[in-house]
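Given next are the chains, with one letter for each unit.
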Amino acid sequence: MKSTSNTPATDRRLRNKMSFSQTVSNSLTMAYRGLLKIRRTPEQLFDVTLQPIIFTLMFTYIFGGAISGNVQSYLPVIIPGILVQTVITTSIVTGVQLREDMDKGVFDRFKSLPIARIAPLSGALLADTIRYTIATVLTFTMGYIMGYRPDGGLGHVAIAALLVIVCAWSISWIFAFFGVIARTASSVQGISMIVLFPLTFLSNAFVPAETLPKLLQWFVKINPISHLVTAVRDLSNSGTIGWDLTISLIGAAVIVAIFAPLTVRAYMRRT
Amino acid sequence: MSNNQGKKLLAVNGDWAVEACGLVKSFGTNRAVDGVDLKVPTGSIYGVLGPNGAGKTTTIRMLATLLRADEGSARIFGYDVVKEAQIVRQLIGVTGQYASVDESLSATENLVIFSQLLGLGRSAAKRKAAELLEEFGLTEAAKRPLKNFSGGMRRRLDLAASLIAQPPLIFLDEPTTGLDPRTRNQMWETIRRLVKEGSTVLLTTQYLQEADELADRIAVIDHGRVVAEGTVNELKASVGTSSLYLGIKNLQDLQAARQIVERVLNVGSSVSTEDGKIIAPMADADRVTDLLIAIRGAGIQLAELSVQKPTLDEVFLTITGHGVQEDASKASDKSQKEGVGRG
Ligand SMILES: Nc1ncnc2c1ncn2[C@@H]1O[C@H](COP(=O)(O)OP(=O)(O)OP(=O)(O)O)[C@@H](O)[C@H]1O
Ligand SMILES: [Mg+2]
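Protein chains in written order, with the UniProt record's numbering: chain A, 1 to 271; chain B, 1 to 343.
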C-alpha cells in the first residue's frame, strides 16, 4: 500500500469563494455526468426519439387531408408545429430528473464537495440541450422522409432549429423550478403537463387559428407558443425572419429572467 | 465523565479537528439532536456511539455542512461550518450512512467525475480513479454499473470517493454496517492507515466492539444528547470495577459456591445464563485468595476462573439504562431499507 501522507489542515491553501471559471468548469463536469447518464440509460431518450416519429406520422395522416386537402401540403404546417410541441414537452424532463437526482444519495456527495453549489443545476440544464437537439433533428428528418422540402433552405432550417432549442432551454427553467420546489418527481410531471398541455394544443401548432371559435382564437393568438411556431414556419418555409421570431426570443428572455433567479434561490435554500 | 484533566491538556494547544458546541436540530417537534458538544483532537479516531435514532447521522450531517443546525455552532479545524462552509468542504471527506455514489454510472465514471469536480484534469482524474480502485480492490468491477455491486463494494467505493482530495478529516457514518467480518476487518485496517497518514477520523457505530477496537475516544449519545465521553478505558472504569467469573465443574455445587462467594467477597452475585458461570463484582483483588481457599476447603472443584474488565455493553447499559444490542438488531433491519430518513 502506498504511504502518501496527508497535508495537514493548517498547511493548505483555502478559499471560501468559488471563482467564475471554477463555476463554469464544475457545470461542464456536471453536464458531462448528464451525458454519461443518458448513454448508460438510453431508454430515457424514448420520449425524444419516439414522439417525433409517431406524432409526425399520426398527425400528418389523420389531419392532413381534413386541414390542408392532402398530406403534401400539410407537411409545411405540421412539421414546425410538431417540432415545437415535441421539443418543449421534452423540457419537462429537466424538472422531473432534477427532482429524482436531488433525492438520490449522490447529491449528498455533491453538497459535501467544495464545488460551485449551482453546478448540479446548471449542468443538468446544459446536458438537456442534447435532448432537444436529438428531438429537433429527428423531427426534421422524419418530415424529410415523408416528403417535406422546406423552401427556406438548409441555413434557415438550422436557424429555426436553434431557435426552438433556445426557447425549449428557456422554458426548461420553469420546469426546473417545479423540480426544485416539488416533493416528488411524479408531481413535477403532473404539474408540468397541466401547464404545457393547453399551451401546446391551444396554439396554431396543428390547425390554423382562423378555423377556431372567437374566444379560442384570441388565446391562440396571444399564446407565445403560436409565435414560436409561426417563426419556425416563416424561417423554414420561406426563409423570412419576422416579428414572431423577435417575440419568441423576448418571451424566452423574460422566462429566464423570472425563473432563473427563482429557481436558483429555491435550489440554494433546498440544498 | 471524569476526564476533565485530559480535555484541559489538549485544549491548550488548540488543535481540534472538530469543535461542536450546543448543536440542536429539530424535525418538527422531534429534537433529533438536543445540545451536542463534541471535541475531536486532530490525528485521532473518534467514535460516536449510540442506538438507533440517537442522532448520530444528524450530528454528522451538521458537521459536514449538509444540514444547518437550529442552534449551536461547530468548527472544523477552526473554520465555521456555516460561515466558511466552502473551506470546511475542502477539508473533509464524507462517507454517509447510505452510499452517496451515482447508481447509474460505473465505479470509474463516478470517481472520475468526483475528481474532476475537485479540480483534477481529465487524465489526472482517470489516474486517480484507477489508483483508488486498485487500492480498494475494485479494479475488476470498475466498468460495471453500480446497480449490481454488492453492499460491501458500494461501501468501499463510497469511502474511496471520500478520499480523492486526501482530506485531513474524514466522517464515516456507520462504515461497517452490513459488512461481513472479513470486509469489516479490511475496513478497520483502512481506517487505521488513514490515521497513520495524518487524517483524523470521526466515525459513528452501533457496535461497541468496533468503538472499542478503533476509537481513541468515544462519545456515547442517546436521545440527541452526549451522555458520556472519554477514552474507552475511562468509560469502562466509570461503570465500576472488574468482574470475577467462576466456572464450577459439578453444577450441583453451584448454590454452595455462590454462598461462599457472597460470604467471602461480601457482595451479591449472579449466574450467567449461557454457561452457568458465577459472576461477582471484584472490588478488592486480595479477597480472591481467601475465596479460592474457602472454595478448596468446601471441596468444590473449579473449572475456570477469570477476571474481566466491564465490556462497553455494560457501560452502555449503566449509562443509558437500556442495552445497545437490542437496538442494534432493529437497526440492521432498518438499514436494509435504503434511504430511510434522509434529509
Ligand atoms: N430528514 C428527517 N426528517 C424528519 N426526521 C428525521 C430526519 N432525519 C432524522 N430524523 C429523526 O431524527 C432522529 C435522529 O435520527 P438520526 O438519523 O440522526 O439517528 P441515528 O443515530 O443516525 O440512527 P441510526 O442508527 O438509525 O442511523 C430520529 O428520530 C429520526 O427519525
Ligand atoms: Mg444514522
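Rather than coming from a laboratory, the hints here were simulated on the basis of the structure.
For glycine and all other residues, C-beta sits at the position ideal for the given N, C-alpha and C.
One thing to keep in mind: the hints can contain errors.
[Unchecked claim] Facing chain A, a subset of chain B residues (Cβ under 10 Å, in silico):
hint, residue
1, 92
2, 145
3, 171
[As the list claims (entries may be wrong)] Below, computed lysine to aspartate or glutamate pairings styled on EDC-like, alpha-carbon distance capped at 20 Å:
hint, chain 1, residue 1, chain 2, residue 2
4, B, 309, B, 197
5, B, 39, B, 216
6, A, 17, B, 80
7, A, 104, B, 103
8, B, 277, B, 234
9, B, 143, B, 180
10, B, 196, B, 180
11, B, 236, B, 212
12, B, 39, B, 103
13, B, 309, B, 284
14, B, 147, A, 234
15, B, 39, B, 19
16, A, 221, A, 234
17, A, 221, A, 210
18, A, 17, B, 15
19, B, 147, A, 43
20, A, 37, A, 101
21, B, 147, A, 103
22, B, 39, B, 212
23, B, 147, A, 101
24, B, 39, B, 71
25, A, 37, B, 103
26, B, 143, B, 131
27, B, 83, B, 19
(message) So if I understand the rule, the pair passes when the alpha-carbon distance is 20 Å or less; does residue 104(A) with residue 103(B) pass?
(response) holds (9 Å)
(message) Against the 20 Å threshold, does the CA-CA distance of residue 221(A) and residue 210(A) hold or violate the hint?
(response) Holds, at about 10 Å.
(request) Report holds or violated for the interface hint on residue 145(B), using the least CB-CB distance to chain A and a cut-off of 10 Å. (result) Because about 6 Å separates residue 145(B) from the closest Cβ in chain A, which is inside the 10 Å limit, the hint holds.
(message) Please check whether residue 92(B) passes as an interface residue: C-beta within 10 Å of a C-beta belonging to chain A.
(response) holds (7 Å)
(message) Run the distance test for residue 37(A) versus residue 101(A): straight-line Cα separation, threshold 20 Å.
(response) Answer holds: residue 37(A) to residue 101(A) is near 11 Å, not above 20 Å.
(message) Checking one constraint from the list: CA of residue 309(B) to CA of residue 284(B), max 20 Å. Satisfied?
(response) holds (14 Å)
(message) Please verify whether residue 143(B) and residue 180(B) have alpha carbons no more than 20 Å apart.
(response) Not OK: residue 143(B) and residue 180(B) at ~24 Å, beyond 20 Å, violated.
(request) For the pair supplied as a hint, residue 147(B) and residue 234(A), confirm whether the alpha-carbon distance does not exceed 20 Å. (result) violated (48 Å)
(request) Sort out whether residue 197(B) lies within 20 Å of residue 309(B), counting only the CA atoms. (result) violated (32 Å)
(message) Given the hinted pair residue 39(B) and residue 216(B), is their Cα-Cα distance within 20 Å?
(response) Measuring from Cα to Cα gives roughly 12 Å; hence the hint holds.
(message) Next pair to validate is residue 147(B) with residue 43(A); report whether the Cα-Cα distance is within 20 Å.
(response) This hinted pair holds, its Cα atoms lying about 16 Å apart.
(request) Starting from residue 39(B), check that the Cα of residue 212(B) is at most 20 Å away, please. (result) holds (18 Å)
In this structure, the hints that do not hold are numbers 4, 8, 9, 10, 12, 14 and 18, in rising order.
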